[in-house]
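> Sequence:
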Amino acid sequence: MKHPATLILFVICIFWLDQNIALGQWSQLNLSESKFQVFAAAAGSKVLFGGGVIGGLVSTPHKVEIYDVENEEWSYFEHAAGHHGAGVTATEDKIFIGGGLDFVNGQGTNFDEVDIYDVSNDSWDSTHLSIARNSLSAAAAGGKVLFAGGNDQTRALSQFNDFDVVDIYDQATGTWDTAYLSQSRYGMFKAAVGTKILFAGGARNSDTEASAVVDIYDVATDTWSTAALSVARAAGGSATVGKYVIFAGGINTEGSSDAVDIWDSEEDTWTTANLSLARGFLTAGSIGNKAFFAGGGGVDLANAFLNSSTSRVDIFDASTGGWSTAEMPTSRTAVYGTVSCDQLFIPGGWTPETGFMQRSIDVYTEADFQCITSRASELSLSSQIRLSPNPVYGELNIENLPQNLEYLEILDQYGRTRLILQGKTPSRADVSGLSRGWYCLRLSTPQGAISLPFIKM
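Counting from 0, one number per residue, gives the positions in the sequence shown under numbering that gives the first Met the number 0.
Hints listed in this document are in silico derivations from the structure and should not be mistaken for laboratory results. Ideal Cβ placement from N, Cα and C applies to all residues, glycine included. Be aware that a few hints might be false.
Claimed, not checked - Cβ pair distances, simulated, as ranges: (1) G436 to N204: 33 to 41 angstroms; (2) G173 to D121: 37 to 45 angstroms; (3) D257 to P425: 26 to 34 angstroms; (4) R435 to A272: 21 to 29 angstroms; (5) I53 to G321: 27 to 35 angstroms; (6) S205 to I53: 21 to 29 angstroms; (7) P445 to N273: 30 to 38 angstroms; (8) P425 to A227: 40 to 48 angstroms.
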């Protein structure tokens with residue numbers, strides 16, 4: 000499989016600047032209306048909210064709400080159809096929204112459309128999946144965007160089919176390929192670390208069976224492998240922090256689960272832990288060296304009804320391996336949040352105890368943390384800087400560096416300096432001594448700084 004040598008110079012590098020634990024703070028924003036199962040994704044300085052349902056399962060909003068975190072401003076875009084249960088993921092400068100249901104008067108229609116939001120120029124494009132479906136999972140790594148599994152359910156408490164198809168979009172060529180999961184299913188955990196994308200667990204056979212299968216796709220080798228969760232379950236929260244991929248909570252035929260499966264991507268080993276509260280339909284995200292698992296609740300399995308919610312947030316610290324807890328302002332379940340720089344956004348949701356859908360967005364801002372956001376245009380570069388190969392095993396080639404370069408260093412995912420590159424405009428860097436994972440090449444010039452991500456294998 001070929002890899003593009005050029006990285007798009009619109010990136011966010013998130014750096015942990017202080018290893019001391021500090022308590023962040025909560026604030027709130029508001030959606031335009033109350034709804035639950037809202038999806039969220041972030042790229043650049045934009046956080047996008049869409050999909051969901053209002054009035055039970057009566058209708059799906061077509062509006063996408065976009066929050067600019069730098070300017071604290073809202074903008075809106077109206078899709079032709081709703082995207083309830085869409086597969087959503089983001090790359091450096093694009094957000095992908097694939098498939099989903101459009102509910103009208105309680106009856107749903109599945110779509111194959113993939114809407115692509117380009118943050119860099121505030122524009123939309125579209126393409127199509129091979130099969131129309133909802134409840135699919137999406138993730139991206141190494142220039143590939145994957146949409147996996149899903150089902151064709153169109154109304155509540157009905158029989159439906161589940162799928163094993165994986166649609167693979169190549170960002171460099173704009174072309175599609177297909178692959179297949181080892182087991183058809185929907186409502187899976189999804190995560191990416193390095194060049195690997197994981198789809199874990201999920202539900203099967205019209206919600207009568209939960210899966211423990213983990214399908215792992217390696218973008219670098221174009222190969223698939225499998226592993227297994229300790230407990231079969233669907234509708235949980237997943238996050239990547241450093242070398243760890245964490246799958247937490249979920250729902251199975253016995254109810255809510257507190258199980259946590261942790262994969263060490265460098266050692267290829269699995270360990271387990273437990274949430275402080277058993278729950279499904281929670282959300283997750285990572286900031287620096289912490290992973291957050293927020294909200295969620297229980298379910299009435301017989302009637303497929305969400306019957307409880309929580310404000311609990313379980314926090315995993317990758318630097319210590321320890322767990323702690325916090326509480327967010329609002330108790331909510333059926334939430335799908337996202338992280339932008341140092342902030343975790345948790346939108347909408349359902350609070351069964353009061354019978355209300357939520358309009359608010361709980362926003363957690365981590366303390367002792369700084370984001371560096373850079374655009375090539377801010378540096379007035381005459382040509383794009385190229386890093387190759389990427390992923391890299393030994394020597395990283397660096398092309399088209401600016402002549403007024405002041406400083407060049409390589410930082411790990413925690414913001415720690417790993418290499419300082421010597422010379423006015425070094426053309427290569429020996430990274431063979433670095434462990435596998437994500438890194439940033441950081442350049443400083445009189446006009447500003449830019450950070451370019453690369454993967455060390």
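> Taking 33 to 41 angstroms as the hint, is the beta-carbon distance of G436 and N204 inside that range?
holds (38 angstroms)
> Is the gap between the beta carbons of P425 and A227 within 40 to 48 angstroms?
Since the Cβ atoms of P425 and A227 sit about 45 angstroms apart, the hinted range of 40 to 48 angstroms holds.
> CB of I53 to CB of G321, is that within 27 to 35 angstroms?
For I53 and G321 the Cβ distance comes to about 40 angstroms; the hint is violated.
> Between S205 and I53, does the C-beta distance stay in 21 to 29 angstroms?
Holds, at about 25 angstroms.
> Would you say the C-beta atoms of G173 and D121 sit inside 37 to 45 angstroms of each other?
violated (20 angstroms)
> A range of 26 to 34 angstroms was offered for this pair. Does it hold for the Cβ distance of D257 and P425?
Since the Cβ atoms of D257 and P425 sit about 50 angstroms apart, the hinted range of 26 to 34 angstroms is violated.
> How does the Cβ-Cβ distance of R435 and A272 compare with 21 to 29 angstroms: does it lie in that range?
At 23 angstroms between Cβs, range holds.
> For P445 and N273, compare the CB-CB distance with the range 30 to 38 angstroms and indicate the outcome.
violated (52 angstroms)
Checked against the numbered hints given earlier, the structure breaks hints 2, 3, 5 and 7 and satisfies all the rest.
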